[in-house]
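Chemist: Each chain, written out:
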Amino acid sequence: MIGADFDAILAAAKHGDERAFAVLYRELQPPLLRYLRVIAPAVCEDLASETWLEVARGLDRFEGGEAGFRSWVFTVARHRMVDLRRREARQPAIPVPPDAFPERSDAGDAADAALTAISTRAALALIGGLPPDQAEVVALRIVGGLDVAQVAAIVAKRPGTVRVLSHRGLRRLAELLEGGVHASGRGGAVTQ
Amino acid sequence: MSDKDALDDEMRHMRPPSGFGPDHLALDEGTAERLLAGQLHPADAPPEYRRAAMVLAAAAAPPTLDELAGEYQAVAAFTAVARSIPHRAAPRRQPVLTRFVSFKLAAAAAIAALSVAGVAGAATGTLPDPAQRVAHQMLGGAGVPGPDDHAAQTADDKSSTKSDHSPTGPDATGHAKAGLCRAWAAGQGGENGKKLDAAAFQALAEAAGGADGIADYCADVTSGSEAHGQEGATATPSSTVPAAREQGADNGQGSGQGEGSDHGQGTGAGGAPADTRPDPKH
Numbered sequence: 001m002i003g004a005d006f007d008a009i010l011a012a013a014k015h016g017d018e019r020a021f022a023v024l025y026r027e028l029q030p031p032l033l034r035y036l037r038v039i040a041p042a043v044c045e046d047l048a049s050e051t052w053l054e055v056a057r058g059l060d061r062f063e064g065g066e067a068g069f070r071s072w073v074f075t076v077a078r079h080r081m082v083d084l085r086r087r088e089a090r091q092p093a094i095p096v097p098p099d100a101f102p103e104r105s106d107a108g109d110a111a112d113a114a115l116t117a118i119s120t121r122a123a124l125a126l127i128g129g130l131p132p133d134q135a136e137v138v139a140l141r142i143v144g145g146l147d148v149a150q151v152a153a154i155v156a157k158r159p160g161t162v163r164v165l166s167h168r169g170l171r172r173l174a175e176l177l178e179g180g181v182h183a184s185g186r187g188g189a190v191t192q
Numbered sequence: 193m194s195d196k197d198a199l200d201d202e203m204r205h206m207r208p209p210s211g212f213g214p215d216h217l218a219l220d221e222g223t224a225e226r227l228l229a230g231q232l233h234p235a236d237a238p239p240e241y242r243r244a245a246m247v248l249a250a251a252a253a254p255p256t257l258d259e260l261a262g263e264y265q266a267v268a269a270f271t272a273v274a275r276s277i278p279h280r281a282a283p284r285r286q287p288v289l290t291r292f293v294s295f296k297l298a299a300a301a302a303i304a305a306l307s308v309a310g311v312a313g314a315a316t317g318t319l320p321d322p323a324q325r326v327a328h329q330m331l332g333g334a335g336v337p338g339p340d341d342h343a344a345q346t347a348d349d350k351s352s353t354k355s356d357h358s359p360t361g362p363d364a365t366g367h368a369k370a371g372l373c374r375a376w377a378a379g380q381g382g383e384n385g386k387k388l389d390a391a392a393f394q395a396l397a398e399a400a401g402g403a404d405g406i407a408d409y410c411a412d413v414t415s416g417s418e419a420h421g422q423e424g425a426t427a428t429p430s431s432t433v434p435a436a437r438e439q440g441a442d443n444g445q446g447s448g449q450g451e452g453s454d455h456g457q458g459t460g461a462g463g464a465p466a467d468t469r470p471d472p473k474h
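If you read the sequences in order, they're chains A and B.
Per this note's numbering, the very first residue in the first sequence carries number 1; after that it's consecutive.
Per this note's numbering, the very first residue in the second sequence carries number 193; after that it's consecutive.
In short, the hints are calculated from the structure, not lab data.
Mixed in with the good hints, there may be bad ones.
[As the list claims (entries may be wrong)] Pairwise CB distance ranges (calculated): (1) A407(B) with R85(A): 21 to 31 Å; (2) G68(A) with Q231(B): 37 to 47 Å; (3) D220(B) with A67(A): 36 to 46 Å; (4) H233(B) with R86(A): 13 to 23 Å; (5) E45(A) with D408(B): 15 to 25 Å; (6) S119(A) with A235(B): 34 to 44 Å; (7) T256(B) with M1(A): 36 to 46 Å; (8) D220(B) with D46(A): 32 to 42 Å; (9) D408(B) with G3(A): 22 to 32 Å.
[Stated by the list, open to error] Footprint (simulated), chain A over chain B, 3 or more residues, beta carbon under 8 Å: (10) 256 to 262; (11) 265 to 271.
Note that the Cβ used here is the ideal one computed from N, Cα and C, for glycine as well.
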């Protein structure tokens, strides 16, 4: 959050102040890139660049506060992604390999301890492995820092739908992680 | 009877040892919302959701420097756009920004201690690459070029006054077009990706309506040119004066935005298609 200075920074950026634009970029690029890495990992950096170009072009027509700006940037990014998908007609989904989660084979508390070291990349890959509509709303909420109403506006769904999708995503994630650990637990019992 | 017992026994083994009911992953609305809002520490999450909470926390971890690696290019693109819009052409400094650059001044002092060239060297892009990279990362918003951008920056400085270090490529729709196109063609298949990062090629991509459109945009310049490599190596933009007068004419035929290329324009919410921008002539 930029906070109380946001309005002044936005005004400066609208007048072409590149340092003000850099402040906006530093605030939003990391979550933006992470969101795109979940929904379109192969092209996330290109999409982020395209998004910032669109933002630069449309900046002086944007009206609103920081939350609105955040929503707008993610909306632009999502439209770039939808455009790309349309252009590419059929892009094969990229399945997340089961070993994207390095600590899966560990069991019990040891795994919990190791999990604290899970990288952001691995975490995003795991979220990206959820069904696409679930992955997107979970990413927008978690890395975008957006609330249900904002996410609903961005993905053009009703708030109730967003809530259900994100809860399903959460549950699926828990199942995924649990499954990995129990599989190895049973394996351990056999060897004993 | 015994079959059923065996089945129950089997199911008990398959079920996680948590001792929960049939749906051990049931989660109440409030807890789910707190997890999704990042308000629940993994240690406080229900045991079945502790790992998921850790994943969510890792996904929302503080930003890393590599995630900001594209800042220079993004700011350069912003500057190019701002210059094409008359009322944004004169940057107005806001006093409130000083607090955001104060940490940069501290960083500058640290860099000065490391290098006799000091910040002046960093600002003109003459530090060794690692130091320049640090200077760029710390001072990026203040217009310090990255180590890969020396060429574009010095080419810029040659023919323009050195009063402005703002990171932007030459105007690729004007006199610089031929040189940029040759340089771009010379790098094709080689370091193309890297070259496209440079501000000069960003300007070219901008003029061409996207990186995909460069080949078409440059077709009239690069076709028939045999000695790509040599010309590319010595190509220097002949003029960096923004060709505002030419832009109107060039946009009509030269850039052909959204026409032959598959780079869709202006479909985003913030889409500002080139044709809706104010005419630079006014």
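Chemist: Of all the hints given earlier, name the ones this structure violates by number, lowest first.
Modeler: Going through the list in order, the structure violates hints 2, 3, 4, 6, 7 and 9 and respects the others.
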